[in-house]
Amino acid sequence: MPQSAEKVLDHVPLFCEPEYEKMFARKKLKFECPHPDKVVEAQYEFTWTWEYREKNLAREALVVNPAKACQPLGAVFAAAGFERTMSFVHGSQGCVAYYRSHLSRHFKEPSSAVSSSMTEDAAVFGGLKNMIDGLANTYQLYDPKMIAVSTTCMAEVIGDDLHGFIENAKNEGSVPADFDVPFAHTPAFVGSHVDGYDSMVKGILENFWKSTERVPTPALINIIPGFDGFCVGNNREIKRLLDTMGVTYVFIQDASDQFDTPSDGEYRMYDGGTKIEDVKVAKHAEATISLQHYNTRKTLDYCRELGQTTASFHYPLGIGGTDEFLMKISELSKREIPESIDRDRGRLIDAMADSQSWLHGKKYGIYGDPDFVYSMARFVMETGGHPTHCLATNGTAAWEAEMKELLASSPFGGGAQVWAGKDLWAMRSLLLTEPVDLLIGNSYGKYLERDTDTPLVRLTFPIFDRHHHHRFPLMGYQGGLRLLTVILDKIFDELDQETMWEGVSYDLTR
Amino acid sequence: MGRRFVRPHALNAWPGVDRPFVPGLEGPEMSSIETQMRDASAKIFRTTEAKETCHNASQGSAASGGCAFDGAKIVLQPITDVAHLVHAPLACEGNSWDNRGAASSGPVLWRTSFTTDLTELDIVTGDSERKLLKAIREIKEGYAPAAIFVYGTCVTELIGDDIDAVCRQAAQKFAIPVVPVKSPGFGGSKNLGNRRAGEALLEHVIGTVEADDPGPYDINILGEFNLSGEFWLMKPLLDRLGIRVRACIPGDARYAQVASAHRSRAAMMVCSTALINLARKMEERWNIPFFEGSFYGISSTSEALRRIAQLLVRKGAGSALLHHVEALLAEEEERAWKKLEAYRHRLEGKRVQLNTGGVKSWSIVHALIEIGMEIVGTSIRKSTTRDKERIKQMLKDENHLHQSMAASELYAMLREHKPDIMLSGGRTQFVALEAKIPWLDVNQERQHAYAGYAGMVELARQIDLAIHNPVWAQLREPAPWKQFVTTARSAEPRINMRSADEATAGFY
Numbered sequence: 002m003p004q005s006a007e008k009v010l011d012h013v014p015l016f017c018e019p020e021y022e023k024m025f026a027r028k029k030l031k032f033e034c035p036h037p038d039k040v041v042e043a044q045y046e047f048t049w050t051w052e053y054r055e056k057n058l059a060r061e062a063l064v065v066n067p068a069k070a071c072q073p074l075g076a077v078f079a080a081a082g083f084e085r086t087m088s089f090v091h092g093s094q095g096c097v098a099y100y101r102s103h104l105s106r107h108f109k110e111p112s113s114a115v116s117s118s119m120t121e122d123a124a125v126f127g128g129l130k131n132m133i134d135g136l137a138n139t140y141q142l143y144d145p146k147m148i149a150v151s152t153t154c155m156a157e158v159i160g161d162d163l164h165g166f167i168e169n170a171k172n173e174g175s176v177p178a179d180f181d182v183p184f185a186h187t188p189a190f191v192g193s194h195v196d197g198y199d200s201m202v203k204g205i206l207e208n209f210w211k212s213t214e215r216v217p218t219p220a221l222i223n224i225i226p227g228f229d230g231f232c233v234g235n236n237r238e239i240k241r242l243l244d245t246m247g248v249t250y251v252f253i254q255d256a257s258d259q260f261d262t263p264s265d266g267e268y269r270m271y272d273g274g275t276k277i278e279d280v281k282v283a284k285h286a287e288a289t290i291s292l293q294h295y296n297t298r299k300t301l302d303y304c305r306e307l308g309q310t311t312a313s314f315h316y317p318l319g320i321g322g323t324d325e326f327l328m329k330i331s332e333l334s335k336r337e338i339p340e341s342i343d344r345d346r347g348r349l350i351d352a353m354a355d356s357q358s359w360l361h362g363k364k365y366g367i368y369g370d371p372d373f374v375y376s377m378a379r380f381v382m383e384t385g386g387h388p389t390h391c392l393a394t395n396g397t398a399a400w401e402a403e404m405k406e407l408l409a410s411s412p413f414g415g416g417a418q419v420w421a422g423k424d425l426w427a428m429r430s431l432l433l434t435e436p437v438d439l440l441i442g443n444s445y446g447k448y449l450e451r452d453t454d455t456p457l458v459r460l461t462f463p464i465f466d467r468h469h470h471h472r473f474p475l476m477g478y479q480g481g482l483r484l485l486t487v488i489l490d491k492i493f494d495e496l497d498q499e500t501m502w503e504g505v506s507y508d509l510t511r
Numbered sequence: 257m258g259r260r261f262v263r264p265h266a267l268n269a270w271p272g273v274d275r276p277f278v279p280g281l282e283g284p285e286m287s288s289i290e291t292q293m294r295d296a297s298a299k300i301f302r303t304t305e306a307k308e309t310c311h312n313a314s315q316g317s318a319a320s321g322g323c324a325f326d327g328a329k330i331v332l333q334p335i336t337d338v339a340h341l342v343h344a345p346l347a348c349e350g351n352s353w354d355n356r357g358a359a360s361s362g363p364v365l366w367r368t369s370f371t372t373d374l375t376e377l378d379i380v381t382g383d384s385e386r387k388l389l390k391a392i393r394e395i396k397e398g399y400a401p402a403a404i405f406v407y408g409t410c411v412t413e414l415i416g417d418d419i420d421a422v423c424r425q426a427a428q429k430f431a432i433p434v435v436p437v438k439s440p441g442f443g444g445s446k447n448l449g450n451r452r453a454g455e456a457l458l459e460h461v462i463g464t465v466e467a468d469d470p471g472p473y474d475i476n477i478l479g480e481f482n483l484s485g486e487f488w489l490m491k492p493l494l495d496r497l498g499i500r501v502r503a504c505i506p507g508d509a510r511y512a513q514v515a516s517a518h519r520s521r522a523a524m525m526v527c528s529t530a531l532i533n534l535a536r537k538m539e540e541r542w543n544i545p546f547f548e549g550s551f552y553g554i555s556s557t558s559e560a561l562r563r564i565a566q567l568l569v570r571k572g573a574g575s576a577l578l579h580h581v582e583a584l585l586a587e588e589e590e591r592a593w594k595k596l597e598a599y600r601h602r603l604e605g606k607r608v609q610l611n612t613g614g615v616k617s618w619s620i621v622h623a624l625i626e627i628g629m630e631i632v633g634t635s636i637r638k639s640t641t642r643d644k645e646r647i648k649q650m651l652k653d654e655n656h657l658h659q660s661m662a663a664s665e666l667y668a669m670l671r672e673h674k675p676d677i678m679l680s681g682g683r684t685q686f687v688a689l690e691a692k693i694p695w696l697d698v699n700q701e702r703q704h705a706y707a708g709y710a711g712m713v714e715l716a717r718q719i720d721l722a723i724h725n726p727v728w729a730q731l732r733e734p735a736p737w738k739q740f741v742t743t744a745r746s747a748e749p750r751i752n753m754r755s756a757d758e759a760t761a762g763f764y
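In order, the protein sequence lines correspond to chains X and Z. Read in the numbering used here, the first sequence has 9 at position 8, and its numbers run on one by one without any break. Read in the numbering used here, the second sequence has 520 at position 264, and its numbers run on one by one without any break.
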């Protein structure tokens, strides 16, 4: 018997027991009607070829393992960055369960969001009744300061009008007339989570800014971080930098506390987030700065319409990325970059120089959101590496052009390729035909790691199978140190694994 | 008279306890080992300068290398199937455990750390000798090594442990070679330790095993540490010539190989600073002629192979070997130069500062000149008179030579000369980085093998990589906000200029 009460086996060893092995083999033969091993093997080998790669990259309709999520996920994340805000997703219930589990599994924190739970009758007659009941229940049950409404595909397909529905619900007394219910239409069939983020942030700003007069306040700066699985570490680091410089700022959409609550016996459905009063003040800011350009295109357009100066960055990390960010902040806030930040910068460069020989000439495959891929490629080139494959499933033609410009700016970008709109199955072919030393991505990359034997460094959302990475910053010079360490650790771990039993080069000092 | 290796005041500092005779440390009369060393040195160098080739570390100087124990351990530790037992409080072994990148093709025992870990009570009660004997037994029972080397250190030599006697007794009792290596740190510099190790091999190891297959093509390689496995770049060449390396001491050596090294016909001395005494004594005792050579650089490698063949032929090998060597050299040199051409245009005219010791100072200089690089300066610390002569011949300007220097001096020099790269050991790596100079490790912790023809190509490749790493540009430039506004940076980054059209266009 493989399992006994005295020594209960975990599933890892249990299913390797001969009884299970035999059972799996029998089941496969009797019920799975498998192709002969030879055929499977041949097909597997075929996927390693350039011929297969051509076919793979020529796919037009089918998407296999996309590296992006849907708009409402971005909207739910966006709402989590505001004070006592409950996400209300108008549409079917299952979608909301996905967002919650996605965020929970990544942040290892509870994630709250409610749904209007539309069913067949709502699909036929419209979801107004669901909105009215849903808002009333949310208001009564969860005591929010604001309810941020986004939509799933279902509501979008039948064409529910959020603005009208919310008005109706208020008239019906679901929530008080002056209660804040910002909204954003977030159909998953357009764009990706970065656009949902954009729409929701814009919706919230519009909600608070539409009826007030703007009184420009010099040197007041708004920061919008964008959809960021590392918001816990990054936002705190960015705020530290701004505080060190003495900048007056409003950090719009700050989920760092919401997704990092302490265990002290108190359950916090809401924690931290940008204060509603601050959001109101933010309208008067001189400038709004986005840390992720492709996450805030509509929002920044709106800010510009109001007369604010705007600037956007691509997930500022490494040397060059952080330099540009800080100088822009310095310019807009009229604050000097202090000596302490200068030293931070020097330390990162020092660390990069210390390790340069280990990183020089390494090839990378990088995938993720457009801004992340841009900055990672840039950082990799700063360390003397080659960003051989840069892939963003939600990358646009504009992103592709910008990437190519970046790659052309460094001798280390030569030979690197940009893959906008491609998926992770395409990445599989790329890695098999043009191998790299390291793959930078998220947990989904582990299948690529297995299939192509490319070591994976998890540096972007979602990270489900490793814990707490998001608690450390990637942005800024401090983040650069973290980034450097994580990449080096992977290189050294791989090297140790490789040499462990052969022994010769299993060195104590590296 | 040659310079004494043990400073009198160190001897006077010994406690006046009744202590057994410890050859090699008895003062103020010179011990037999020191006499041998002095003789060896004098015969080799034949100049008055020879006195300074093996100097003690200067007081209060943090720039010098390790102590005598460090030196002895470095030389012997690469013998791979030996258990190296450090008879000392924890620190000696604890701080030096597995700190060199010598490579083994087989046993890994040499990397295991064995120490008697003496504590206060052991030292006060004199229980340390018994502990040592016990430790040797435990090693024998637990690991059954080919031999056990026992290192005497400051503490055990000061309290007067009779390591010789313990080793003798242990060897009889456990039927295993137990070799005392007396290397107290206060005895002198790392270099002295190197020689002590050589003496220990001469006294206790070499000649104790008879080879059953001696042949006319057997050689020893002395002072080759097989760092990063670099001797394996040379071995195939020797194999192709039918030359058998009976013993490479110490790199990737087995105890039995070292013990039967006296049956080789000729020897090549690679790091003469470390083991010149060993080569000299082996020539005296067993008539094994040697030459000093280097595997760094193409012409040095060729020269070394040629000299090996010449010595073997002189000792009775077939003279066809000389022709074989020439054919092999021609072929290998051509291949290497071809590969190096790719780097020549990237490295020609680049300026190098070397800060390394001993044999590397001239042999690497030679190699770098070969690929068109310019030597800004090289250190001659731990170099013998001969090493220095060679460097002088090559550089034709003594201003380029400098003795060991403190980090601050080195820093000042780097700032002044601004070389394109510094090649040195790990200890000065960070001085180079502070001076914003690219740096490449050519000492024991290096990750790449630089010996022979293939190694020279690798060295060129690594220098190329190091010089052209993008981080140096960052290192040399001040933070952008500290530069004048005139730098080519638009006031408004282009990333501002975007519109929402993009948001709707081009989605995949």
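Be aware that a few hints might be false.
[Said to hold, decoys possible] Derived lysine-lysine pairs resembling DSS-like cross-links, with alpha carbons at most 25 Å apart:
hint, chain 1, residue 1, chain 2, residue 2
1, Z, LYS595, X, LYS364
2, Z, LYS595, Z, LYS571
3, Z, LYS692, X, LYS363
4, X, LYS240, Z, LYS396
5, Z, LYS595, X, LYS363
6, Z, LYS738, X, LYS335
[Unchecked claim] To list a few chain Z residues with every Cβ distance to chain X over 10 Å, as calculated:
hint, residue
7, GLY322
8, ASP378
9, ARG541
10, ALA586
11, GLU590
12, GLU597
13, MET669
14, ASP676
15, LEU696
16, TRP737
No lab work stands behind these hints: they were computed from the structure. Cβ atoms here follow ideal geometry from the backbone N, Cα and C, with glycine treated the same way.
Going down the list of hints, with the structure as the test:
no., hint, in the structure
1, LYS595/Z x LYS364/X, "holds (23 Å)"
2, LYS595/Z x LYS571/Z, "violated (36 Å)"
3, LYS692/Z x LYS363/X, "holds (23 Å)"
4, LYS240/X x LYS396/Z, "violated (61 Å)"
5, LYS595/Z x LYS363/X, "holds (21 Å)"
6, LYS738/Z x LYS335/X, "holds (15 Å)"
7, GLY322, "holds (15 Å)"
8, ASP378, "holds (27 Å)"
9, ARG541, "holds (33 Å)"
10, ALA586, "holds (31 Å)"
11, GLU590, "holds (27 Å)"
12, GLU597, "holds (20 Å)"
13, MET669, "holds (19 Å)"
14, ASP676, "holds (15 Å)"
15, LEU696, "violated (7 Å)"
16, TRP737, "violated (5 Å)"
Hint check: violations occur at hints 2, 4, 15 and 16; the rest are consistent with the structure.
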